[in-house]
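Novice: Under my numbering, the sequence shown has 135 at position 135, and the numbering climbs by one with no breaks.
There may be inaccurate statements among the hints.
Subject to a maximum C-alpha distance of 30 Å in a straight line, what follows is the list of computed BS3-like cross-link-like pairs (lysine-lysine) [said to hold, decoys possible]:
1. K13 - K50
2. K17 - K50
3. K50 - K161
Simulated restraints on C-beta separations [said to hold, decoys possible]:
4. L23 - F105: 31 to 41 Å
5. G204 - L20: 15 to 25 Å
6. Q140 - M41: 49 to 59 Å
7. L162 - I110: 20 to 30 Å
8. Y26 - G103: 41 to 51 Å
9. V154 - L23: 31 to 41 Å
10. G36 - P127: 53 to 63 Å
11. D73 - M41: 44 to 54 Å
12. R197 - E46: 25 to 35 Å
13. E195 - R49: 20 to 30 Å
Calculated directly from the structure, the hints in this document are not laboratory data.
Cβ coordinates follow ideal geometry from the N, Cα and C atoms, glycine included.
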Amino acid sequence: MDETDNCDFSPLKEELKHRLRLLQSYIATTIEALDGSDDCMLGEFERIRKDIGETELLAGTFYLKCYLSSYTDKIPEITRSVRHLSDRRHGALIVVEREQATGEFVTPGIGIGAEITNSLLESIFAPGTPLHDGAVILRQSRIVSAASVLPLSVRDSSGRKLGTRHRAALGLSERCDALVVVVSEETGRASFAIEGRLYPFATGTAAEP
Numbered sequence: 001m002d003e004t005d006n007c008d009f010s011p012l013k014e015e016l017k018h019r020l021r022l023l024q025s026y027i028a029t030t031i032e033a034l035d036g037s038d039d040c041m042l043g044e045f046e047r048i049r050k051d052i053g054e055t056e057l058l059a060g061t062f063y064l065k066c067y068l069s070s071y072t073d074k075i076p077e078i079t080r081s082v083r084h085l086s087d088r089r090h091g092a093l094i095v096v097e098r099e100q101a102t103g104e105f106v107t108p109g110i111g112i113g114a115e116i117t118n119s120l121l122e123s124i125f126a127p128g129t130p131l132h133d134g135a136v137i138l139r140q141s142r143i144v145s146a147a148s149v150l151p152l153s154v155r156d157s158s159g160r161k162l163g164t165r166h167r168a169a170l171g172l173s174e175r176c177d178a179l180v181v182v183v184s185e186e187t188g189r190a191s192f193a194i195e196g197r198l199y200p201f202a203t204g205t206a207a208e209p
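Using the sequences and the accompanying hints, generate a full structural model.
Specialist: Shown next as structure tokens:
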């Protein structure tokens, strides 16, 4: 069974459907205008590009929660911490174990053994702290360890220049079914890696449960 079959985040799904319908309608209107006008339509194409990007971020958020919902009840804490880290441009690497344990693929860091809270996750990734440079491993409702080292991806990234955190997120997701959230310290953008692919997602307050 697909993991999204029983995924119940109805408000997000309805918002995603609404945005897709609006986008479909606007594209149809743009096609009609292109046939009936000699005016420059580049502004309309720019709007379509922007709308597609925003819809992609919302879709990423929806599927992120679907992929995590069976494995942790701490999604609100995780998404809230990611939003705060993104706002501050604090780089982060957060591994959520799913069916497979990650131990054989990860170089162990410092044991934590504490319940997941957004404040603890944020404090771990604060720049200059001893544990910020590495990955946090989450299992169900617990933070297992911090400052863990993940294997780097060796795949061709289609010309994209990926930083070490993104390559590490992809590297682990290529070897097991873990989902890895990564926040870029350069841009503050958040993405998640699963099955060797990287997807952006929205971090605004509207995206939280």
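Novice: All the hints need checking, so say for each whether the structure fits it.
Specialist: Structure-based check of each hint:
1. K13 - K50: Measuring from Cα to Cα gives roughly 20 Å; hence the hint holds.
2. K17 - K50: holds (17 Å)
3. K50 - K161: holds (22 Å)
4. L23 - F105: 31 to 41 Å: For F105 against L23, whose Cβ atoms are near 39 Å apart, the range 31 to 41 Å holds.
5. G204 - L20: 15 to 25 Å: holds (19 Å)
6. Q140 - M41: 49 to 59 Å: holds (51 Å)
7. L162 - I110: 20 to 30 Å: The hinted range 20 to 30 Å holds for L162 and I110, with Cβ atoms some 26 Å apart.
8. Y26 - G103: 41 to 51 Å: The hinted range 41 to 51 Å holds for Y26 and G103, with Cβ atoms some 49 Å apart.
9. V154 - L23: 31 to 41 Å: Roughly 36 Å apart at Cβ, these two residues keep to the hinted range, so it holds.
10. G36 - P127: 53 to 63 Å: The hint (53 to 63 Å, Cβ to Cβ) holds, given that G36 and P127 are roughly 55 Å apart.
11. D73 - M41: 44 to 54 Å: holds (48 Å)
12. R197 - E46: 25 to 35 Å: Roughly 27 Å apart at Cβ, these two residues keep to the hinted range, so it holds.
13. E195 - R49: 20 to 30 Å: holds (27 Å)
The earlier numbered hints are all upheld by this structure, with none contradicted.
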